[in-house]
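Asks: For the record, the sequence lines run as chains G and Z.
Under this note's numbering, residue 372 is the last one in the first sequence; the count climbs by one each step, no gaps.
Under this note's numbering, residue 128 is the last one in the second sequence; the count climbs by one each step, no gaps.
Treat the hints with caution; some may be incorrect.
[Claimed, not checked] With a straight-line Cα cutoff of 25 Å, these simulated SDA-like cross-link-like pairs (lysine to any residue) come out:
| no. | chain 1 | residue 1 | chain 2 | residue 2 |
| --- | --- | --- | --- | --- |
| 1 | G | K41 | G | L56 |
| 2 | G | K203 | Z | H78 |
| 3 | G | K203 | Z | D82 |
| 4 | G | K188 | G | T309 |
| 5 | G | K206 | G | T253 |
| 6 | G | K203 | Z | R32 |
| 7 | G | K203 | Z | P45 |
| 8 | G | K206 | Z | I91 |
Derived by calculation from the structure, the hints in this document are not laboratory data.
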Amino acid sequence: MEIGSTLLNLWNSAGFAGITWQQGVMLLVSLTLLYLGIFRKYEPLLMIPIAFGMLLANLPLAGLTDPGGLIYYLSKGVSWNIYPCIIFLGIGAMTDFGPLLANPSSLFLGAAAQLGIYVAFIIANLMGFTPAEAASIAILGGADGPTAIFVTTKLAEYLLPAIAVAAYSYMALIPMIQPPLMRLLTTKKEREIKMEQLRVVSKKEKILFPIIVTIFICLLLPSVAPLIGMLMFGNLLRECGVTQRLSDTAQNTLMNIVTIFLGISVGAKAGGDNFLRPETLLILGLGLIAFMFSTIGGLLLGKLMCIITRGKINPLIGSAGVSAVPMAARISQLEGQRANPSNFLLMHAMGPNVAGVIGSSVAAGFLLAVFQ
Amino acid sequence: MEHMGFGESILLSLVGIALVFAVLIVLSLFIRLLSVIVRAVERAPAAKSAPAVPAAPAAAIPPQGNFVPGSAGDILLHNVDDPTAAMVMAIVADELRLPLNELVFRSIRELSPEEADEEIASHEHHSL
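Just need the whole structure built from these sequences, with the hints factored in.
Replies: Here it is, written out as structure tokens:
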């Protein structure tokens, strides 16, 4: 046996020889996302699993995503829409709907902050995407990762890598995207408005709320029942007071396990051949537009409500209507406090913020009802 | 459907956002209704039980501690100093997530270690 031919065989069977330029670029993209997640703290809990899934999927000859490979099986949780729904269960268990129940008009702000979905839908149609593709891209305006994955998997699964990466990237970039728009669209006087303390919500209201929402929305839009059903089930576990252990599991252990599987699976769908396309850049651009218009929609309705209530509502809470919980509410708090250091808007902004989760689910249900 | 016209996409978007508003407006009405009903239900037993519980027996309790003025009535302290009582009330309000001035504390009593053990044992339970 010649040592030369042995080394040649080893080289030929190694991934180095089989790597394509697309895979090389995707490895660089995954390394960049890892950097953003680890060192810049951009949504690290999701960004790191997504980036590592991307890295694994673009290693030549490893076969992790081929039938029989590890990620092939893990990805079934995405294809069958299991992970987004379990993530919603965890979100429900973590969410306090008290601020929404204390101030039901928050729901209007949650509705207005879905404006970007429809603006992006119109633009995507004009750009030549099919209606199903346009709907999948448009749902990015809801700023809600699980909902975006849920809709895209049903309408245009081949766009999932770009849409998932865009969804979580923009959520991580909220502190950069929203504040300039908030300052642009509100006056300093409006940002200084201090809101009255919210009323105390009774335990019974908190228990009945998830049951009523589930029945009402799932009867109206059955296509979104898995998402809303799991969200409200998680919330009922939290609020009913007799399932503390289940609630703890849903919001911690289960949520963490599914986040790992979801992140790896979504990242692994970003193979070089289906991610490095001009459409990906268009999707990233449309996602940004959708996100900005959703913020604008919430702010404009916030201004209107400020005028109607004669200055009792700070328009800054409108931007929290995008459903990135609780990041968007925190931005409202920070901007309010920047204008007036004694301002405390967080709980007021949590109302529109959780209303946005329901609003984006309703918008998703409508798009699925039309295009599925 | 391969492609959708501009007018059609605008119309669909208008219907979509109108639906989101309609659903969330109906939901807000549900919430208001729910709030009214729950408050009415919670007040009803309180109103019924109010005449049945005369104020007099409360006064009949032998004053073993000292009365301290509070924002929601008086409170009877048994072997507890003012700062400790204030701390207990603040913790209870925080745990219940209710403003302190909406809670009524009738008395605060320090338990002996034996009494505390009995109290804990009587409330302990296990369930799956």
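Asks: Check the hint pairing G:K203 with Z:D82 against an upper bound of 25 Å on the C-alpha distance.
Replies: Violated, at about 30 Å.
Asks: Run the distance test for G:K203 versus Z:P45: straight-line Cα separation, threshold 25 Å.
Replies: Given that 25 Å is the threshold and the Cα spacing comes to 16 Å, the pair holds.
Asks: Would you check the hint for G:K203 and Z:R32, treating anything up to 25 Å between C-alpha atoms as holding?
Replies: This hinted pair holds, its Cα atoms lying about 15 Å apart.
Asks: With a cut-off of 25 Å on the C-alpha distance, tell me whether G:K41 and G:L56 pass.
Replies: Status holds; Cα separation ~21 Å.
Asks: Holds or violated: are the alpha carbons of G:K203 and Z:H78 at most 25 Å from each other?
Replies: Violated. G:K203 to Z:H78 sits at ~31 Å, over the 25 Å cutoff.
Asks: Quick one, are G:K206 and Z:I91 close enough, alpha carbons at most 25 Å?
Replies: holds (22 Å)
Asks: Keeping to a limit of 25 Å between CA atoms, is the pair of G:K188 and G:T309 held or broken?
Replies: Holds, at roughly 18 Å.
Asks: When you check the alpha-carbon spacing of G:K206 and G:T253, does it fall within 25 Å?
Replies: holds (24 Å)
In terms of the numbered hints stated before, the structure departs from hints 2, 3, listed from lowest to highest.
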